Amino acid sequence: MKKKIATVSLAGCFGCHMSLLDIDERILDLLKVAEFDKTPLNDLKKFTTRCDIGLVEGGCCNEENVHTLQEFRKNCDVLVAVGACAIMGGLPVMRNAIMNAVDPLRECLEEAYMNSSSVYNSTNDIPNDPALPLILDKVYNCSEVVKIDYQIPGCPPSGDTLWQTLNALIRGVPADLPYELIRYD
Amino acid sequence: MSKSITFKIDGATVTARAGQTIMDAADETGIYIPRLCDVEGLEPQGSCRVCTVKVNGRPAAACTQPAAQGIVVENDTLEILNYRRDLIRMLFQEGNHLCSICEASGRCELQAMAYRLAIVEPAKYPYLQPVRPIDASHPDILLDKNRCIRCGRCIRASRQIDGKNVFGYIGRGINKRVGVDGKNLADTNVDVNDRAVSPGTCPVGCIIRRGLGFYQPIGQRKYDNAPIGSEIENTRSGRGKQ
Amino acid sequence: MNPVVYKACRDFDYDGTRVLDILREVQSGLGCISGETMEMLAKELSTHRVEIEGLVSFYSFFSEKPKGKIAIRLCDDIIDRFAGVSKVAKVFSDELGIEMGKTSPDGIFSLEYTPCIGMSDQAPSALINQTVVTKLTPQSARTIARKLKKNPETSELLTRKGDGNNACLQINAMVKNNIRVRGEVLLCEGIPAEAGLKKALKRKEDAVIQEIRASGLRGRGGAGFSTGLKWDLARRETARERYVICNADEGEPGTFKDRVLLTERTDLMFEGMTIAARAIGSRKGILYVRAEYTYLLPYLEHVLKKRRKRGLLGRNIAGKKGFAFDIRIQLGAGAYICGEESSLISSCEGLRGEPKNRPPFPAEKGFLGYPTIVNNVETFCCAARILDGGAPWFAGIGTDESAGTKLLSVAGDCARPGIYEVPFGIEVSEVLDMAGADDPAIVQIGGASGDMIGRTAFHKKICYEDLPTGGSFMTFNSTRNVLGIVDYFLEFFIHESCGYCTPCRVGNVFLRERIQKIKSGLAEEADLHYLIELSNTIMMTSRCGLGHTSPRPVLSSIAHFPIVYASLTRELTDGRQASFDIQKALEESRRIAKRQSMIYDPIYGESTD
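Residue numbers (the working numbering), protein chains in the order written: chain A, 1 to 185; chain B, 1 to 242; chain C, 1 to 609.
It is worth saying that the hints were derived from the structure and are not from the lab.
Bear in mind the structure is a predicted one, so any value in this text is a computation, not a measurement.
By construction, the Cβ of each residue, glycine as well, lies at the ideal position given by its N, Cα and C atoms.
Chain A stretches covered by chain B per the calculated footprint, using a threshold of three residues with CB under 8 Å from any CB of chain B:
hint	segment
1	83-90
2	150-159
3	176-185
Chain A extracted, bound-state conformation (with noise of 0.2 Å):
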């Protein structure tokens, strides 16, 4: 029976995808052991099973991040924090230093889309289409919001380090990575 295994992108860069790919063609015999069903690599848009195996890059900034994970969360049974925005946050996170000003929100939305020096927004409008979704109060990571199993730093990964901890999470066994592919950037 091979492992199936889901991935997704929350509030992150695929940077940790790419880094899926870096396995390059020992892509080969992960399918060998293992199937994808829901990813951004098959595009494959909901889950069609029940899945072994979640990797989930990205925290969540928004409410779709937070169905997202938590869709994941139901349907995987070992659920994988991959990547550095996924564990703490990343570099969205950044947003949550802004989190004691009197409307950090606004704050936030303002400096992003009006007062930025880098921004030209002639409306000076704030994206708000009904099918935006809803941003959080702050940057919140993934063992925040769902339980997580396991986790997988580095920004990213590399493909060495997706590659042997996919294989001991396929096997259950421990990943113990060496020195060399422990990294938190």
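Given the structure of chain A, go ahead and fit chains B and C onto it with the hints provided.
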């Protein structure tokens, strides 16, 4: 020359001179005891607690605990490893450590310690996400105190080596922080050549030399290939602390 | 040069070790110690601004921002909270028109909370500048606030006088001693004056220490180290000077017995210090009094003066040729950690009240590097009594390992809070009976750093071998929330940790975060394991007694109140963190975007989770 002292660290016999700490003696023997606030050339202060060892079964900081005849020191045990991991996690989580954008990444001792202790499990403690102002007043040196681990190495270097008093502790408890001797750093008598602000003094990315960002490429940085402490372990006779 | 700064520096002879006193004078004269003042002080005292700032930001009685001419500090102890201090606070806040923690625009009033001020038996209480007001009610608070608005003279606030020496000219406070049970060592009537000292002077130094060792006296501050051994260690050191320091920095929440001894057994305490000086060969002593007890200062100085006059201090004490000893008083400035002996020494030296590395221990290298003994007020009082009554008499009281009597400060839900002098070995239930606690459910023994026990452990004995205490005994009835009490203690430790070492500075914050999670019913059983593990790391790796003991309320409450914890924790079934509240996380966004959530608001979304 006073009589030498012998004692055991994890079963190995270690020799020390009177007045040496457990850490000094271990270093000379080539046994590495992890540490952050202690650094060669400065008086030890025993604040990070990463060098916690057990001496005859009781915990003590190796950097301040004098070596004594016949003591039995535990250093590399699972129990102590777990304490040290917890302490490193505390230091990470009380500040804002975004390694991927930190100039010190790769030579940061906090990060290197986490690598050495193989901290890879899910975040155990909450992230406190402090909001501490950045001091960019000085043309050559920047202070990002969100990364400060309160090791006090800059404070001691300024006093003990530079003969100045540029830095000092202020506040208490979780608000204890490193202050500067003036309104801001530019208001002090700091010099860019002071040991206090030179590379190697600040173990993390709090004291940053401006205009010198990311000067070592990935792969050639201090801890890219060899774990922190290996420089001590690799010398059979140790390096000897002055 | 500001005249206040100039005068303060001159008053203390530009002495760097007296900088705390200088700062106190400047603070009271200027209402704050601003950056500019710090620079002035640094120049005058030949130190650095950052050093001064280090002190100002360390001690809570100093402040960089202006405080009112009348600083009202409400005692925020758990006992005071249960006694209704928040209602009192609201009245002050409404009457004076300022929020808690703020200073009025005219600079007259500031209002804030402060940790336990040592008046738990007469809660709620407050410090108004140095004046203590007790047993506050919303009514009395209103009267006080209105009086102060008309006339800022705090002495006008004394509507009643306390008992005993509290009523004397030099103290003149409404504080009550509330001595409920007098034992045979310290609080009994008719203790012969200076009898211990006279006997000590007739004997050799060795013999005095031998007497103390034989009595089995152990430190009354809580740690229980052998007093005789401590004295012996200090005496054996070769040194030019030796110091005797009396620790009256009674900061453990719920303790107030030293306050009563300072008031009623002042001479006995100084006598004990003098005996210690004789025993170890010291010429100088320091009485370190917490800032909250500043109202006792004139009286303490008065007693010292009388003793000097009577030849009990100074040269050739009590006619003993060549025996010279004198005592000065050092006021603290609001820091619980200074009750720890090496921090107290740091504080006496004019430094931040941070513990020192040990070894060397204070008995080897203490105040200014000289051998120093630091003992609690009660310990010195006991020492004086032992020299008079003899070691066998003292050792005959109490248990095998805990000789003598112990003063308990009983407070909380009981009819007769106050001071109980009881022999060591007394059962918790006996104390509860004496104090008239009719529905005791929780007893916190030994203060915030002590143990929390429930009914099943009320048979336990108060002594070093079973339940040790520095004197705090807080009782709570069955309506009180265990987690609320634990949460308070952690809040206290976070406030009072000096921040020197990682585990205490950070770990206590993490402990509290999880206790609050449990308190709000959002935790699971795994959180208890987390707490136990974290507690263990803090206790094993902290640098001083604060971190070694701060997790104790957590651990002891988990051990003694398993049902409370079990009822508050649940099992996570859906893998979601109960502490994450999506509705709260979206609140601001809804307001700014002026629309509902497509996912989490039922009127729009398909999913209603």
